[in-house]
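Those sequence lines, one after another, are chains A and B.
When the letters of the first sequence are read in order and numbered with our numbering, they come out as residues 1 to 173.
When the letters of the second sequence are read in order and numbered with our numbering, they come out as residues 1001 to 1277.
Please keep in mind that the hints were generated in silico from the structure rather than gathered at the bench.
Some hints could be false.
Claimed, not checked - Non-contacting residues of chain B with respect to chain A, defined by C-beta distances greater than 10 Å in every case (computed):
#, residue
1, VAL1002
2, GLU1038
3, ARG1059
4, GLU1066
5, ARG1070
6, GLU1084
7, ALA1087
8, GLU1088
9, GLY1189
Claimed, not checked - Facing chain A, according to a computed beta carbon distance under 7 Å, are these residues of chain B, among others:
#, residue
10, PRO1009
11, LEU1010
12, PHE1013
13, ALA1032
14, LEU1033
15, ILE1041
16, ASP1042
17, LEU1068
18, VAL1072
19, GLN1074
20, LEU1075
21, LEU1085
22, ASN1089
23, LEU1092
24, ILE1245
For each residue, glycine too, the CB sits at the ideal point set by N, CA and C.
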Amino acid sequence: MKSAFRTALAVGLALLLVALEASLSHLLGGGVLTAVLPLPVVVWLGLEAGLTDGALAAAAVGLVLDSAAGGPVGLFTCLSVLLFLGTRAAGGAFDARAPLGFALLCGTGTFAFGLVALSLLRYVSPAEAAPRWGLAGRVLLEAVLTALAAPAVRLTLARLTARAQREEPGLLP
Amino acid sequence: MVAALVVVPLAVFFAHARHPSDRTYADRVVLALTSPVEKAIDWTVSGALSAIGRYARLRGIRERAEQLSREVNQLKWEAGELRELRAENARLERLLAFASSREDERAVGARVIGTRMDPKGLQLVTIDRGAEDGLRRMMPVVNADGVVGRIQALSGHSADVLLLIDRNSSVAVRVDRSRARANVRGLGGPGPCRLDYALRNDDLIEGDLLVTSGTDGVFPRGLPVGKATKVRRPGYGLYQTAEVILASDVNKLEEVLVLVAGQPAPEQAPAAQAPSP
C-alpha cells in the first residue's frame, strides 16, 4: 500500500514539477536557466523506497521525463532507474537525508544523468545532429540549479508522506 | 525486474533513437496532464506579476499625483499672483489715464504701505513717497476714482495722507450738474461723509455728482469727490444736508497720485450759472 502511494506520489509530483519547471524556465530567463526538478524525486525514491517499487516509481518518473522532453523514448526512463540505483548505492556512504547531503547527491546525480544522456545521444545521433560537448556546461548549470531546488522538493515529499502516513488515534493498524 | 527496467527502456531508446517518430500516446497523456498545471502556474504568476506591475504603476501614479498636486498649487499661486498683477495693472492704467487727463498738473505716483484708521485718532494711510520725492504738506492725494485726501505729515520717503473720511477733513465742492456750492466733511469713520453748507434753495438731488470746486486752496477744481444721497431739506434754516458716498473707496486704496504741481485754477463760473446782476 505504501509503495503504491509512494509511486503515485512520485509520479504525481513529477508531473507537477515538470509543469512548474516549464513555467519557471519560461518566466526566469526564457529557457536560459533550466533544472530537472523531477530528479530529486528519483533520488528521494533511492533513499526511501524499496528496490523493486522504487525502481518502478523511478521508471515512471523517467517516463514522465521522456514524455516531457519529447526526445527518443526510453532514455530518461533507463537513466532514472540507473540514478535510483546509484542513489541507493551512494546513500549509505554519507548522510544523504540531510538537506545539504541531499542537495549534493541531487546535483551530482543530475550532472551524471545529463552527461550520460549527452553521451548516449551523441552515440545514437547522426554526426551532424549529435549534441556537442560544449553542452556539458549547461548540464553543469542545470545540475547546480537542481541541487539548489532539491531541498524544497524533498521537504515537500516529506510533508506529503508524513500527512498520508499519519495514523488515526484509536484505530488498530 | 530492476534490470529489465534498465534494459528495456534502453533497448527502446536505441531502437527508436535513429528513427525519431511522432509523439507517442504516453507523450500526449503527459502533455495533457502537465499543460493545465503550466497554464495555472502561468496564470498565477502572470496575475501576480501583473498585480505587482499595477501596484508599481499605482505607486508611480500616486507620486505623479502628488507632484501634479504640488504643481497645481504652484500654478494656483501663480494664477492668483497674475490676477493680482492684472488688477494692479488695470488700476495703474486708470491712474495713468487720470493723470494724463490733467495736463496742467504734475503727479507723483505712490503706493499705500500702511493704514491707520483708529476711531480714536486720525484716519490716515501711509504712502511710500515723502519729502525727498518732492511732496509737501497739504498736497492733494487722489486716485483714478477721485479725491482721497491730503498730505498730513511727511518724512524723507514716506508720508501720511489724511483721508477725506477723517473728521478734520473738509473739501469745497460743487454739484457737477447744478454748480451749487457746498462742503464735504468726514465723519471719522469709513462710512459716508456729510455735505455741509449747501444752501437750502440750491438744486441738489440724490445721485448728484460732487466735484472739487478749487476754492479751498488745496484741491484743484473738477476732481470727483462723491455722490450725494439722503438729501434732507428741512422746512426752516439756511442749509440743506445730505450724505456723501465718496468716489474713491478709501478702504481699498493701493496706489494713489499726489498732485505736486499746478495751483488750483481760479474757479470760472459757467455762463449758465453766472450770478445775475
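Checklist line | Hints violated by the structure (numbers, ascending) | finding: Result: hints 1, 2, 13, 17, 18, 19, 20, 21, 22, 23, 24 break, sorted rising.
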